[in-house]
Amino acid sequence: MLPLFILTGSKPIDKRLQKVPKAPNIITLNEAGTFGIDETVVGNIHWLEYRYHLEKDSSWEVYSSSRSSGSVWDKIDTTGSLSERYLRYPAYRYYPVVGISHEQAKAYGVWRSKMVSLRINQLTFKELDPFKWDTDTIWDINYRLPTEKEWEQAAAGGLDLGKYPLGTSEIYGLYKGKDWKTAFKYADSTWTKESFKKSFKSLNNKNIKPNINCLDCYPEGYPDFLTKNLTKVDPFWGISVPSPIDDFYAHPPNGFGFYNMVGNVAEMVEEKGIAKGGSFAHTQKECDIKNQILYDGPQAWLGVRYACDIRKIKNPYR
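With our numbering, letter number 7 in the sequence shown gets 7, and the count goes up by one each step, no holes.
Every clue listed holds true.
In silico BS3-like links for lysine-lysine, alpha-carbon gap of 30 Å or less:
id, residue 1, residue 2
1, 132, 15
2, 149, 272
3, 181, 197
4, 132, 114
5, 126, 312
6, 56, 22
7, 19, 314
If you are wondering where the hints come from, they were derived from the structure by calculation, not from laboratory data.
Sequences are here, hints too, so could you generate the full structure?
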């Protein structure tokens, strides 16, 4: 009997390509590990990294086209602080990038795919120079905007959306207030220190802390000084800036481990002009996972999260 590889005419399998690699920030949603979605939305820190590389190795035109729009904050922040500082300021590094268009989001996905694919193949074949990879096949890590169906699957977290339209059974969590003195800085002038301290401490261990950042997600009786939409003191400059938006780890993950798929910022999908999940500027009902939110350009409440496909392709460097 002839050996199998002669009968089939195939080459021996490259053992280095037998295990599907783990794509950065991706939670896999299929058994093969070849499809998944970002654990979080893309943050300011990721967009700044992107622009840093474009400035180094791209034309001025390409670099300029990646600039986000700070003016999207103008209607929300009359002080101009967020317009000037939101993307670049260290305090907002781990906040969602906003003010970008559908086209800019797709361009970032192409760049991210190239960078991650290069690095994963460098690690796989233990060689930095792709022209020295001794293989006919390499990994292709493709980051793209998810379809509505894919996005909804991830946002549901394994729950029945008919029963849990927000993808969670716990809209509110336990409030664990400790630093009443810091909170007092943002309190209305009608509060005295003693009455504020008493009220603040009485909230501990009550199910009043919203697990979703949306326009009307605060329960009745929730004190104004604890809402996220109040002015706060910027820790770097010591000035007051409005902060309706949260960082992307501010709320508990859903059943699949995804953070803030509902509320905080709405998220683009493959179809231009349609966003999902609602935001700090939308009502709880508008945040329903099945709901579509329409947009016609960059918004302060609109961010992006990517789907990722992992496959083997012919080595283009050979």
